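Using the sequences and the accompanying hints, generate a full structural model.
Protein chains: 2
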Amino acid sequence: MIHSLAQKLDILKEQISHSMLEWMAQGEPAALYEPMRYAVSAGGKRLRPILLQLACESVGGHTAQALDAAVALEMVHNFTLVHDDIMDHDDLRRGRQTLHKRWDESTAILAGDGLLVLAYLALSRVKIPNPQEVWRRFSLGILKVCEGQALDKAYEQRDDLSLDDYLEMIDKKTAELFAMASEVGAIIGGGRGDQVTAMRRYGATLGRAFQIQDDLLDIVADEGELGKTIGSDLKEGKKTFLMVHALNRPDEELVRRLRERLNRNPITAEDVLAVRELLVQTGTLKAARDEIERALARARETLQPIPDNAAKNHLIQLLQLVAARRS
Amino acid sequence: MIHSLAQKLDILKEQISHSMLEWMAQGEPAALYEPMRYAVSAGGKRLRPILLQLACESVGGHTAQALDAAVALEMVHNFTLVHDDIMDHDDLRRGRQTLHKRWDESTAILAGDGLLVLAYLALSRVKIPNPQEVWRRFSLGILKVCEGQALDKAYEQRDDLSLDDYLEMIDKKTAELFAMASEVGAIIGGGRGDQVTAMRRYGATLGRAFQIQDDLLDIVADEGELGKTIGSDLKEGKKTFLMVHALNRPDEELVRRLRERLNRNPITAEDVLAVRELLVQTGTLKAARDEIERALARARETLQPIPDNAAKNHLIQLLQLVAARRS
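Keeping their order, the protein sequence lines are chains A and B. Counting in our numbering, the first sequence runs from 723 upward without gaps. Counting in our numbering, the second sequence runs from 723 upward without gaps.
Calculated from the structure, these hints are not laboratory results. Just so you know, nobody snuck in bad clues.
Quick list of in silico lysine-lysine cross-link-like pairs, DSSO-like style, CA-CA up to 30 Å:
id, chain 1, residue 1, chain 2, residue 2
1, A, Lys823, B, Lys960
2, A, Lys875, B, Lys823
3, A, Lys767, A, Lys735
4, A, Lys849, B, Lys849
5, B, Lys849, B, Lys735
6, B, Lys823, A, Lys960
Estimated spans, in silico, between C-beta atoms of each pair:
id, chain 1, residue 1, chain 2, residue 2, range
7, B, Asp813, A, Glu975, 45 to 55 Å
8, B, Gln854, A, Leu883, 40 to 50 Å
9, A, Arg1048, B, Asp887, 45 to 55 Å
10, B, Ala1032, A, Pro1027, 50 to 60 Å
11, B, Asp813, A, Arg824, 23 to 33 Å
12, B, Gln854, A, Ala764, 27 to 37 Å
13, A, His811, B, Asp887, 26 to 36 Å
14, B, Asp881, A, Leu743, 26 to 36 Å
15, B, Asp916, A, Arg759, 32 to 42 Å
16, A, Pro1027, B, Ser726, 56 to 66 Å
17, B, Ala728, A, Glu855, 34 to 44 Å
18, A, Leu885, B, Arg818, 38 to 48 Å
19, A, Leu883, B, Ile850, 40 to 50 Å
The model shown is predicted, which means the values in this text are computed figures rather than measured ones. Beta carbons: idealized from backbone N, C-alpha and C, even for Gly.
Right under this line is the structure:
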């Protein structure tokens, strides 16, 4: 049966959410498992695990083979959100209180730890001839995410970043989980070496586009759709694509006006609007959109070693979905 | 070559510390890996990984086979210390500043995460016919530790705990890593099912004795030897063996005087001395020492299915070492 991408996404999303909750349904004490369940039941697009399963299918495997690994990956993703929200002092996530706001920091640290360990427990069920290879790549991937988060925090203190610095950071912090998802999915599906490499690149490139889109949404999205406050990256002093690009522009007067807004304390909603206007004038919003388009085009090219099939079609359509997302 | 236990411990400890640092020597950025290296280079007895290696050897394996798993386990142990220190607001660990004091909470959360992931990376190198089983038990063990830590935090708010509640908590929070160490070591060494079960029980029982000893040291140790402030459990409101035992005594007057000291804010060094004296009068210090002795005797009995060999001898001697430890 051939599904449209929307149908396929719905089916996989439902399976992943269901299986993920099953892993933690019976857990005790509630002081640990209730926050864990809260963390994973906020919804979310389940993009990374779906990518893992589509990658598995695209090289000849079945999505069901990859469900445990997909669930593991989504747990890892939620672990990073829970811990990052503590580090970034974020109060809202997907329109709800973050864990450390709803409970406290200790609870959130521990729930994040629990999610990571449960992810590895789920991963231990993957049945392939060489599971160590999956474990290794999975762990290398998460380690890179930690490195990326460390860079992100370190960058908050720096004011001299180039776009290359920025790309190094997001390639680790964000794109790596997409890369690892596609890579591990292709390994589980029994893909050839060149297919595994191609899928890894596809995920990495898609992930880069996804993060720049995320940076863009922080300033151009509708607050209700986004589920968090507009301009929260600005207020945090985050070094997004937008900031790094704009502050490296040659027009000194525009850069001076931008810095003046960014140095205000607190940064008000009016400042956020003024910054948005300045980012139009520096050409930054257009540059971000161009960079996203380029990355998505490259991602599509990387799929060349994958045979034509329904899953490959879905992987191609997924690129458009990322470009069009509003939240 | 037959080594004395002291020689053997030194050799294994050296190998474990060396290998652990090698795993993180080249890592970048320094903002992540320097705190990780700091966390694992505070010394420590490396008791859990040594146990894992001795368990492997006792069932016919070689300690070298189990080095990667041992290193993984010690990284996990250090991960729990780093995160627990944040949750418990502890400033000192092994005579040095804790990570979140030396750096900050974000750095400590992330370094702990990094240690846990690096542990799994090390574990992925274990070469045995059924690595999934090691992977599963390893993850189940860490999950139990998280459950135990959640209980520990929840118990801080409760004043009606029984010794059974207490034992459930320490069996998860502390004893589980010893149990899992012995279990995983025996699996890697190719032990029979009954030997794996026996080694798991040995570790669990040793671990219970170890934690009660730890509780005892908080109040009877020499501050310099211990590397942290005497009475820190008291000040934190921790439900230790001592507190749970003493507060469940029938002598209402002693309990009243104890509660009066424990409710002071702040609890001074003089209060700690007074509490120690009260714990002598309630028979609590003796009860703790008896419980430790009983657990160590049981641990020795569990070794019955293990053939007589040098490693088994070392496992027996290890019990005495735990009973005699000062820090």
